[in-house]
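Trainee: Produce the complete structure using the sequences and hints provided.
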Amino acid sequence: MRTTRIAAAAAASLGILLATACTTDTPTDEADDATTETESGDEWFVQADYDEQLAQRDIEPEGDPAAPWLQAIEPEWVDTAAFAQEGGDATVCFSNASVSNPWRVTGWITMQQQVEVLQAEGKIGEFRHSDAGDDDDQQISDIQAFVDSGDCDALIISPSTTATLTPAVETACESGVPVIVFDRGVNTDCAVTFIHPIGGYAFGADAAEFLVDNLEPGDKVLALRILPGVDVLENRWAAATEVFAGSELEILGDEFTGGDAAEIKNIVTQYLQRGDVDGIWMDAGDGAVAAIEAFEDAGKPYPVMTGEDELSFMRKWQETGMTALAPVYSNFQWRTPVIAATMILAGEQVPAEWVLPQEPITEADRDQYLEVNADMPSLHYAKFGGEDLPGFPDAWQDR
Amino acid sequence: MTRARELLARATNPTATVFILLVLVFAAVFAMNPGFFAGPSLMAFLKQAAPLVILAAGQYFVIVSGNFDLSVGALVGAQVVIAARLIDGEESRTFPVLVVMALFGIAVGLVNGLITTALKVQSFITTLGMLLVLYGAIRLWTGGAPTGSLSESFRVFGRMGIEDVPVLGQIPWALVIMIALGAGAVLLMRTRFGRVLMAAGDNERAAALSGARVDTVRTLAFVLSGLSATVAGVLIGGFAGVSAQVGDGLEFTVITAVVLGGVVLGGGRGSVLAAMAGALVIEGLFTLFNQMALPATLRPAVQGAIIIAAVAYAARARARPVPTATTASPTPS
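As you go down the protein sequences, you meet chains A and B in turn.
Residues 1 to 399 (my numbering) make up the first sequence, in order.
Residues 1 to 333 (my numbering) make up the second sequence, in order.
Derived by calculation from the structure, the hints in this document are not laboratory data.
Fair warning: there could be bad hints in the mix.
As the list claims (entries may be wrong) - The calculated label-pair distances, taken between Cβ atoms and stated as ranges, are:
| id | chain 1 | residue 1 | chain 2 | residue 2 | range |
| --- | --- | --- | --- | --- | --- |
| 1 | B | A28 | A | C190 | 54 to 60 Å |
| 2 | A | D58 | B | L103 | 54 to 60 Å |
| 3 | A | D49 | B | L103 | 35 to 41 Å |
| 4 | A | E319 | B | A293 | 48 to 54 Å |
| 5 | B | G211 | A | H129 | 55 to 61 Å |
| 6 | B | A102 | A | G218 | 36 to 42 Å |
| 7 | A | G299 | B | V23 | 28 to 34 Å |
| 8 | B | V23 | A | R274 | 18 to 24 Å |
| 9 | B | I20 | A | Q397 | 53 to 59 Å |
| 10 | A | Q85 | B | L294 | 55 to 61 Å |
| 11 | A | E319 | B | I179 | 31 to 37 Å |
| 12 | A | D398 | B | A28 | 47 to 53 Å |
| 13 | B | L128 | A | S130 | 24 to 30 Å |
As the list claims (entries may be wrong) - Over the 10 Å line for every Cβ pair with chain A, so calculated as not near, a few chain B residues:
| id | residue |
| --- | --- |
| 14 | F30 |
| 15 | A107 |
| 16 | Q122 |
| 17 | G148 |
| 18 | S153 |
| 19 | I236 |
Everything numeric in this text was worked out from a predicted model, so none of it was measured.
By construction, the Cβ of each residue, glycine as well, lies at the ideal position given by its N, Cα and C atoms.
Mentor: Set out below in structure tokens:
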């Protein structure tokens, strides 16, 4: 009897152990780059990259401003004549890390719409894709399968993590197929082009600078973050810390929320119980509305706030008239890789590192974006860049 | 002397551990921030804790009858997403959609229960499967991101309350619902159903031989759990609105809460009141960590250590031969 009780207790403890191991860090990261490494603190801050990204914000990108997905900041053009092909029936393959969050879902729809246009124009033939569901091993075998099939004339890769996917990307490059990497990077420059918006430092700094400019010295700011250990999110926070350090704002704390609206509302409510909060900095817009509602329910004045270009936040911002900014991690980058593939297969030059513009949405252009996206669902991203595609708006509405 | 021993015995009773812990956690919160016990802030805490308390009651029925329900987190998420998509901001659809949600919650519980009892699949596997089915089906249905929005009247339950109450400020509807359902759960455990449920978890064979409908009560326990997830979904959705992450990981938090309440995994022991108190302790711990401004990365570790210590303490008390055997015997409260 005694033994069974001890066994039961042991089983209970084990259950608890499993439970606590799983409660906090479900990796529902906001979108973008996820090098899940265990480093922390200064590991995430590289002064040179920070300086470069902040400088890139002020550089006029080359190309037509009406088509930001084709613009590039300080491009170094590379010759692709070696990959040129006759005829328009090239097979383009795409290994996707996942569609596990609204940002990626939005982008993936945009990419498919762009592919349809290119197919109709006869620039590409078949488009194949695989979805690794955020699993590194799955994506490595997806890439290998594309390479082994020998059918791909160009291979687009959106890596799930940086370090682990690097060898797979190198293997793909060695097969002689032109490789296009976008969104998250890898530790090799063997790809013909690497497409990405300016980056996490610029995002975090845009938001932090807005708070510094719109708050008084001594005002209190609460930072809400999705989860630790994801490089682009860490970069956003590292940049913000850098900006805040040079200001007279008081940072009340930085809290991880998992992007869960209920968690965000809890945390903000608790901070409001302890005292005033004048500003909210977020590393991604998920659940931003819940943070605003916490102020409403507590009967406190709206904070100065930075979210993201997710529509739910922008609509609440318009409705309340609060002082806010929507920093952007350009979702329209999902159009660029397929276009780049057709350029490479036509032997046209492409930038070796294709840095896309990344401009926050301010109060001045907010209403215009909301008007264009009036019929879009609330978890859609304003700068998705697909308004001129024939599937607009139905393709994005009907998810 | 006898009295002192009785008190000691009572304090080391696994069910009592959670109430001691509850007092300790709130004493610590009070030490950090006496303002926490002011009416409005306490009400805000209870409003936000209510869904977990209700889920804990639902999970208690399943665990005490000797099973698990891992599907509740996914069910909460599914319910919120279903509500947002079906209501789509139309006030008039609120009530019909609430009915649909209740039916869906019952259906999921029934399927879990029937597969576990009739097909003899272990509940751990059944509900893990259900978790994945719900997770996948919702993402398939919505294309990966929730669409639509909840109506204002839907959100009343989780967000609003009885306004302008002296001292307290607002009595949240969530708290009213929590107390009503909690009282209902306590009463239910005193009925024949409750006793059979407990017996089924304690000794399935003995219960069956004495004529109890073990499979029926176990299936009903799953239905109750499905319903509790539905109510929790209404409250959480009302509290914070729709997001893609609603309900993520809730199944583990709620099982933790129930076990912390001294309910033994495997069934047959523990009280529903203690299970609900376990949920309050978990929420209290989260609040305490927040008050202490404990680094977010350290919190899961501290939380885990406290929980293991508490359960080990309760288990030690249970394993030690107690002179008055009554303290170890479970009485549903």
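Trainee: Now look at each hint and say whether the structure bears it out.
Mentor: Here is how each hint holds up against the structure:
Checked against the hint of 54 to 60 Å, the C-beta distance between A28 of chain B and C190 of chain A comes to roughly 55 Å, which is consistent with it. Here the CB-CB span from D58 of chain A to L103 of chain B is close to 57 Å, well matched to the stated 54 to 60 Å. A hinted range of 35 to 41 Å is violated for the C-beta pair D49 of chain A and L103 of chain B, which are about 54 Å apart. The hinted window of 48 to 54 Å between E319 of chain A and A293 of chain B is violated, with their beta carbons roughly 32 Å apart.
A beta carbon spacing of about 59 Å between G211 of chain B and H129 of chain A agrees with the range 55 to 61 Å that was offered as a hint. Between A102 of chain B and G218 of chain A the CB atoms are about 51 Å apart, so this pair departs from the stated range of 36 to 42 Å. At about 31 Å, the beta-carbon gap between G299 of chain A and V23 of chain B stays in the expected band of 28 to 34 Å. About 22 Å separates the C-beta atoms of V23 of chain B and R274 of chain A, a value consistent with the hinted range of 18 to 24 Å.
Between I20 of chain B and Q397 of chain A the CB atoms are about 54 Å apart, so this pair conforms to the stated range of 53 to 59 Å. A beta carbon spacing of about 59 Å between Q85 of chain A and L294 of chain B agrees with the range 55 to 61 Å that was offered as a hint. Evaluation of the 31 to 37 Å hint for E319 of chain A and I179 of chain B yields a pass: the beta carbon distance comes to about 34 Å. The hinted range of 47 to 53 Å is satisfied by D398 of chain A and A28 of chain B, whose Cβ atoms lie roughly 51 Å apart.
Remark: the range hint 24 to 30 Å for L128 of chain B to S130 of chain A is upheld by a beta-carbon distance near 26 Å. Its beta-carbon lying about 13 Å from the closest one in chain A, F30 of chain B satisfies the requirement of being farther than 10 Å from that chain. Taking the minimum C-beta to C-beta distance to chain A, about 25 Å, the non-interface status of A107 of chain B holds against the 10 Å cut. Interface exclusion of Q122 of chain B from chain A stands, the closest Cβ pair being 14 Å apart, more than 10 Å.
Non-interface status of G148 of chain B relative to chain A is broken: a Cβ of that chain comes within 10 Å, the nearest being about 7 Å off. The beta carbon of S153 of chain B sits about 16 Å from the closest Cβ of chain A, which is more than 10 Å, so the claim that it is off the interface holds. For I236 of chain B, the condition that its CB be more than 10 Å from all CB atoms of chain A is violated, with the nearest at approximately 5 Å.
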